[in-house]
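Q: Residue numbers (my numbering), protein chains in the order written: chain A, 26 to 255; chain B, 322 to 1178.
In case anyone wonders, no lab produced these hints; they're calculated from the structure.
Quick caveat: nothing in here was measured; it's all calculated off a predicted structure.
It is possible that some hints are incorrect.
What the hints assert, rightly or not - Taking lysine-lysine pairs in the DSBU-like style, the calculated list, with each CA pair at most 35 Å apart, reads:
id : chain 1 : residue 1 : chain 2 : residue 2
1  : A       : Lys-218   : B       : Lys-334
2  : B       : Lys-334   : B       : Lys-465
3  : A       : Lys-146   : B       : Lys-811
4  : A       : Lys-188   : B       : Lys-334
5  : A       : Lys-140   : B       : Lys-842
6  : A       : Lys-146   : B       : Lys-648
7  : B       : Lys-334   : B       : Lys-555
8  : A       : Lys-161   : B       : Lys-1164
9  : B       : Lys-415   : B       : Lys-439
10 : A       : Lys-40    : B       : Lys-568
11 : B       : Lys-334   : A       : Lys-146
12 : A       : Lys-140   : A       : Lys-186
13 : A       : Lys-188   : B       : Lys-792
14 : B       : Lys-666   : B       : Lys-685
15 : B       : Lys-648   : B       : Lys-334
16 : A       : Lys-40    : B       : Lys-913
17 : B       : Lys-666   : B       : Lys-555
Chain residues, written in single-letter form:
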Amino acid sequence: MNKSIEFRDIDKVFKGDGIETYALKKINLLLNEGDFVSIIGPSGSGKSTLLSIIGTLDVPSSGEILYGDKTVHQMSNNEIADFRFENIGFIFQQFHLIPTMTALENVMSPLFGRKVTYNKKERAIQVLEQVGLKDKMNSLPSQLSGGQQQRVAIARALVHKPKWLLADEPTGNLDTDTGETVYELLTSLNKSKQCGVILVTHDSILADRANTKVEMRDGEIVSVCQRQPV
Amino acid sequence: MMTFMMKQLVRNKDRLILSVIGVVLISSVLIYLFSLTETTKGTINNQLQQKWESAYDLVVTPPGSIFNEENLMEPNHLNGISGGISYDQYEAIKSMNDVAVAAPVSVLGYTTLGITMKEKFKTTDNGIYKYKIIETFNDGLSQKTIQDTEIYRATNWSGSSEELGFWGDDQGEISLSQYQLLVGIDPVEEAKLVGLDEAVHISDTSRYLEPNEDAIYDEAVDRLFEIPVLINSKSFSNSLFQVSQEKLAIPFNTEAERQQATELIKKGNGRDYFNGLETEKVDSFELTGEELESMIFKALSNPNDNPSLSVHGTQLVFKSSILNYQKIESPFPERWSYSYQVSSKPIEVSGIFKDILPDSGFRKAELLDHKLSEDGVPLLPVLRLNIVGSFSSDKLNISKDPFTELPLETYRPAQAGIVLGPDNEPLNPSRTMKGSGVPTGLLTNPPNILTTVKAAEIITGGNSISSIRIKVKGIDDIGNVAQEKMEQVKNDIEHSTGLQVIITRGSSPQPTITQVVEHDKTLGWIEQPWIHIGAAITILRETSLGYTSILVTILLIGTMYVFATTYVSYLTRKKEYSIFLALGWRTSILRKMVLGEAFFYVLLITLIAIILEVIFMLNGSTFNFSNIALVFGTSLVIYGLGIILPLIQVGRLEPYQGIKSGEITKKSKRIFSNQSMIGFVMNQVSQRPGRNLLSILAIALPSTLLSFYLYVSFRLEGVLYTSWLGEFVAVEVNKSHYLIMGAALIIGALTTAEMMWQNIVEREGELALFKSIGWKDKTVTHSIIIEGAFLGLLAGIVGLVLSISYIGLMYKVFPWDSLTILSLTICLPVLVGILGAFFPTIKALRTNPYNVLKENV
């Protein structure tokens, strides 16, 4: 099945006090399966909103978004949840780990209440190993450094092997070195796991390293650059 | 999932402590409430239904025949009514659908039942003898003479005349008589009502009355009726007869002596002459009224046993009459709210009946309706009593306890305690006042001769029934349903017959005090339990109102608390939930978590209830499963209601909301200037109207009910202390209600604490910022405490409005006189609000500005 994502005339409008603010304006975009995409733009350019819509966390005001040949917005809440579980892995700038859960529990948390064919705990340990934190699996988030926390968050996003990893400024809260480690991790995951990565950032150096670079300004796509893999 | 949730709870220690306090409180209040409701309900019902139960539900009387002021009814009033209800009316009432028993009473009146004892004294010496018969009686207040008769008789002589004042042919016989109240009943209905048939001694000579037995009019003698009667084998007579025989010091043996003596006596104006004569006591004897009564009844039952005794044909002389009570000021109003006076009046009755009554009495002496003979002699019915059997009043199916039982029964003598002396001085111990059995006496004796209503109808010629005691079908407790049914039967009877109906079920004895005045001199004060009509049902209604409101409040406050905690818990988790949703969780799992947590608390509450019950059990009471089931059920309901909002909210939650990284600013309101502490606090409160409203309500509700309850209990005290039952209930009920209200207020405080806790958590960044720019701990503390006090004040105002409108709604009054109680409604919530702010303050003080700022900004 084709796992590309296609935007057709997506608008996102925020209404408040009688003023309509366009967060997204007529977005048309095609993202291919397994691609490494970066979205770059200044604050308020709509990149995070776009990411939220891709991740089904938010709905567009108008327009259509196709995952392969499926439209998500006609699905029921449960179907959307299932879709999200199977296809999307989220990584947030603030990590958003559950403070009362250990690293392992945080990683296992997406599997909660779901029937899967594999052993949940083994899988969780396995992904923690991939991000290099197997030894920290019983630590609470507060006992981990920022970079470690973000890697736990990546492990959590990976646990069910999603088709796409959506990362909203994953390195934004990290120093350059740690950020680099996280970025490397994402790149290697993209290559080895064949999962697409969509990265929102305002770091143009990081953005340039992606296969596809989408540049946004004021809710509109200014340019889409394809880069041949080296 | 359980383990996951447990971990969540345990890792959130602060909140867990708050929750556990709440849970323990709810659990113990519930278990206390349920065991309390059970015992108190039990006690009230027991008291109402057993001790104070009258043998009948309603009593029908002729209109206006019962002294009835402020719903108070004189005890033993039934004996004072002399007919007025027709047999047709009785039949009509008896045939009504809802009437199970209609037992009529025909108070026929007083007879003088007498017996002659032949050759009681020896008359071997010829002469004139003086026989003195004195019947005395001590009612407890004074020694009273009922009869004081002197009879002069001469032996072996028959030449007497009216003017001589003495009689001839003395053979030493003595005639004694006493009053008996004669009452007609319906044998069938009386059997149903009090089991009279079961109380009859069954033997060859003793049986129960037949339903259709009536009076046989003896045509041979004018006005003579033979009536079947049942006699009470127990006598209530308290009098003493002292009979003496004295020989006058006047020779009366030979013809010449007799001639001389009669001359002298004539000259000396008969009796006056005798009074001046010396006498020589020959013989005397004493006989109690009780002995006399049994002698008479024995002679009547077996006329041939003792030929020396003969019972007189008896006249039905006096109507029974009512006492004339005057309402007066009570000498001790705290003790007796109602006080009356009875005073003796000279007896006015025509000549020949004067001798057989004391000079003065408390009741009127009124002859039965009669015709006069040609020479002006009243023609009164004469009775021949046909004793068909005897019964023992002890075997009747009525309560025997004289002080707690409604003194409404026909079969028990009226009693009163003499509690104050002539000068209002308390008598300790109080003495008992007894009835003399005389028609004009203060207290009456119950009828010891019963005949049938049919016989009574024949003797009086109609309208003989004085009252009808009614038992209504299908009533076996005291409550609103029973009351409604009785009201309905009462209305039916009143409309169809025009008679007066009083509901006696649900009455309570009410102590009243009566000043007894004889010959314009106060003898003392007697205390009697009067019948407070409808008191029990009032008390039941008021107390059950108290209970219902308590129960409803606890449920409401509990729900409010749970609502607050689950809502706060939802708020704290909102972000987490959003993340979970973003990770692909279905909403149903979140819902399951909310449900699971609620269920966990329900189980915890039940567990605590079980532990409490076990503690109770170890302390000697029984383990009560139904209480635990009730606690489980109630907490299930409370939590069920409490989690509705979070369940809905979770469904509306969008994953995006929780994760927004501060790009869209939160709404903020500014109503007051932020330049003073007060303004700052007000803004804080107004920024979260929803949840602050919740905490306001959580405090307002219990305080509303507390002040309402205070009002009710003061009011109830008014109702309660006017009757014995009420006093009992009041003592039982008060403390427990206050205890529960107190607990409810603490739960209210906890709710506030939860809410403010959450407010503080959300404001952590802000507070940290304030601290980092130099706010003192004191300032932070002040701002939070003031916020709590402010919420409490708002709650107090809401509570005040609510309680005034509640009282207005329930009692249709504006409680001006209870403003002190109501002002408590304001003060208490402020206190509770401050108490609720205390916990969050500690939390706020622990805030480390650096940590918070690092994470949040």
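Q: Among all the numbered hints in the text so far, which are the ones the structure does not match?
A: 1, 2, 3, 4, 5, 6, 7, 9, 10, 13, 15
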